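Chains as they are written, first to last, in UniProt numbering: chain A, 1 to 199; chain B, 1 to 199.
Everything labelled a hint here was simulated from the structure, so no lab data went into it.
Heads up, some of the hints might be wrong.
Per the computed footprint, the stretches of chain A lying under chain B, defined by three or more beta-carbons under 8 Å from a beta-carbon of chain B, are [stated by the list, open to error]:
1) 83-96
2) 155-164
3) 171-180
4) 183-193
Chain B is nowhere near these chain A residues, computed Cβ spacing over 12 Å in every case [as the list claims (entries may be wrong)]:
5) 10
6) 41
7) 43
8) 128
The calculated lysine to any residue pairs, modelled on SDA-like cross-linking and capped at a C-alpha distance of 25 Å, are [claimed, not checked]:
9) A/43 - B/54
10) A/54 - B/112
11) A/43 - B/112
12) B/6 - A/130
13) B/54 - A/29
14) B/54 - A/54
All of these numbers come straight from a predicted model, not from anything done at the bench.
A virtual CB, placed ideally from N, CA and C, is assigned to each residue, including glycine.
Number of protein chains: 2
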Amino acid sequence: MALTAKGRATRQRIIEGASAHMRTDAPGTVTLDDIRASTGTSKGQLFHYFPGGKEEILLAVARHEAERVIADQRPHIDALNSWTAWTRWRDAVVARYRAHGAHCPLGNLMNQVGSTPGAAEVTGSLLDRWQLLIRQGVTTMQSEGLIDSGLDADRAAAAFIAGIQGGVQMLRSTGDSTYLEVVLDILIDHLRGRSVQER
Amino acid sequence: MALTAKGRATRQRIIEGASAHMRTDAPGTVTLDDIRASTGTSKGQLFHYFPGGKEEILLAVARHEAERVIADQRPHIDALNSWTAWTRWRDAVVARYRAHGAHCPLGNLMNQVGSTPGAAEVTGSLLDRWQLLIRQGVTTMQSEGLIDSGLDADRAAAAFIAGIQGGVQMLRSTGDSTYLEVVLDILIDHLRGRSVQER
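Produce the entire structure from the sequences given, and follow the hints as far as they go.
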């Protein structure tokens with residue numbers, strides 16, 4: 001559907017309103033009426049911009065939240081070119097998930113969307129982009145001679161994705177950010193080629 | 001409720017039957033009728049052994065599955081006293097979750113039990129025991145002089161828990177066990193005090 005600039009703005013306003021609503025109400029399930037009320041739109045408008053109804057809106061909100069996952073790690077994740085940048089990025093990731101605690105906005109949305117192909121596409125493409133940005137950080141550091149060129153950047157980036165996913169899961173279920181912190185610290189030490197003896 | 005030996009056996013038979021049923025049907029939701037049919041028991045018997053009904057049965061099955069999570073890592077996880085033992089344990093963890101693929105029996109159960117205190121207790125105590133066993137492995141290796149005594153065993157064990165949780169989550173959502181494998185390998189390298197340069 002080709003939208004005018006005004007139409008795109010309205011559509012975006014609905015997405016952001018629904019996102020804000022879901023961030024307050026988490027982890028409850030959201031209804032179309034909730035979205036209408038919180039965005040000040042009519043049912044007709046909602047279906048005009050989202051012909052697929054609730055599932056289409058939730059997916060658009062999920063895409064919006066996925067963008068925010070990366071945005072919350074900026075500017076550090078875009079320029080992992082010094083150990084200071086890696087530390088700041090690590091701190092930004094921990095701070096982000098600490099602030100959300102048990103209520104991960106994207107996780108909550110995904111629970112509501114369920115295991116549809118659209119939902120898998122949103123999380124899959126988020127994780128791919130995330131892993132690519134970390135991988136780019138590793139290869140940048142390698143080209144500057146700050147990380148050993150023999151280190152496998154693909155494996156390292158995959159390990160960070162696993163560590164972050166698991167650390168966040170533990171934070172969500174226990175309220176404790178230690179898991180996320182220690183796995184990030186150990187993986188960064190691995191990049192530094194630093195074992196405990198060298199500290 | 002004090003059960004006779006025969007009563008305990010019947011109760012255990014119901015748990016194992018329900019567990020087997022849920023392993024075939026995953027990730028569908030299970031009903032009391034499914035459990036009756038698959039365990040060959042009457043409604044009266046089910047409520048005799050599980051007065052709390054479906055939720056109590058599902059929790060008992062979840063406890064049974066949690067036991068299996070640890071059992072599937074035996075004997076290695078009980079005696080992480082050499083690098084060979086760590087490698088075999090790592091292989092057992094990867095093999096277990098590869099075999100389950102997207103259908104993690106405990107994860108499926110937890111989705112059905114929901115976020116009740118009982119469910120949180122089952123996963124919490126599983127993760128605590130798991131972390132403790134890994135921690136014991138680290139301190140055993142330290143007492144044998146195989147891991148640097150300056151390494152923090154608590155942090156290392158917490159990082160393994162995070163890495164395994166995230167690696168399994170990635171395996172469940174992508175079907176790819178690489179995430180789990182690389183995070184385990186890097187964490188074991190960390191224990192060895194081995195950086196890429198030393199390979």
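Here is what the structure says about each hint:
1. 83-96: violated (count 0)
2. 155-164: Since 8 is at least three, the answer is holds.
3. 171-180: Coverage by chain B holds for the segment 171-180 of chain A (5 residues, Cβ < 8 Å).
4. 183-193: As far as the segment 183-193 of chain A goes, the hint holds, because 8 residues have Cβ atoms under 8 Å from chain B.
5. 10: holds (33 Å)
6. 41: Check passes; 32 Å lies beyond 12 Å.
7. 43: holds (31 Å)
8. 128: Violated: least Cβ distance 10 Å, not greater than 12 Å.
9. A/43 - B/54: violated (39 Å)
10. A/54 - B/112: Given pair residue 54 of chain A, residue 112 of chain B holds - Cα atoms ~23 Å apart, limit 25 Å.
11. A/43 - B/112: violated (33 Å)
12. B/6 - A/130: Violated, because 55 Å separates the two Cα atoms, which is more than 25 Å.
13. B/54 - A/29: holds (23 Å)
14. B/54 - A/54: Violated. Residue 54 of chain B to residue 54 of chain A sits at ~31 Å, over the 25 Å cutoff.
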